[in-house]
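Engineer: This note's numbering puts the last residue of the sequence shown at 458; the count rises by one with no breaks.
There could be a bad hint or two in this list.
[Claimed, not checked] Label-pair restraints from in silico Cβ distances:
| id | residue 1 | residue 2 | range |
| --- | --- | --- | --- |
| 1 | A457 | V347 | 33 to 39 angstroms |
| 2 | A413 | V323 | 21 to 27 angstroms |
| 3 | L312 | G385 | 32 to 38 angstroms |
| 4 | P404 | V367 | 34 to 40 angstroms |
| 5 | L325 | T386 | 17 to 23 angstroms |
| 6 | R451 | P308 | 24 to 30 angstroms |
| 7 | E313 | G402 | 35 to 41 angstroms |
| 8 | P308 | A454 | 47 to 53 angstroms |
| 9 | A413 | V370 | 36 to 42 angstroms |
These aren't lab readings, by the way, just hints derived from the structure by calculation. Think of the CB as a built atom: it goes at the ideal place given N, C-alpha and C, for glycine as much as any other residue.
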Amino acid sequence: AHFTDYLDLGAPYDILEHPAMLITIGVLLAIEFIGDKIPVVDHIFHSIGIVVAPTAGAVVFLAANSTVSIVDPVFAAICGVLAAGLTHGTRTAVRPVVTGTTGGIGNPIISFLENIAAVMITILAIIAPFIALIAIVLMIVLAVMVFRRVRAMWRARAAAAR
297 AHFTDYLDLG APYDILEHPA MLITIGVLLA IEFIGDKIPV VDHIFHSIGI VVAPTAGAVV
357 FLAANSTVSI VDPVFAAICG VLAAGLTHGT RTAVRPVVTG TTGGIGNPII SFLENIAAVM
417 ITILAIIAPF IALIAIVLMI VLAVMVFRRV RAMWRARAAA AR
């Protein structure tokens, strides 16, 4: 937003355009990107993210809404909290299962796939927001289906072990 005219953030969110803020966000992104590939570190990050992710989601949605003020700010904040909170909640629920079933070996793979999905959805949200919304809904449906299948598999194993 700071270097192009594509998106102009309104006050008070224009602080997100400041070079120091962009550097800080970049450093935090690098730490998250690397730390998310290490099983113990990613669990610590996910614990912290329970508060940080929904808050960041609300700020991002409010900042984006400040340029197009057709949406009620409270609604925008709620959407941001839900989008980021549900995404983070899914990650937090899936990772222990991946760690437990693969001994931590699968965590970097899942993390990398999450990174790819996040970049794709972000680009899609900028280019075609409605299609991004459909993609997110489909991803949620797929996540629920996978969760149910894994839960049924675990219950079957537990019943067979008795």
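Engineer: Against the structure shown, which of the earlier numbered hints fail to hold, in ascending order?
Structural biologist: 3, 6, 9
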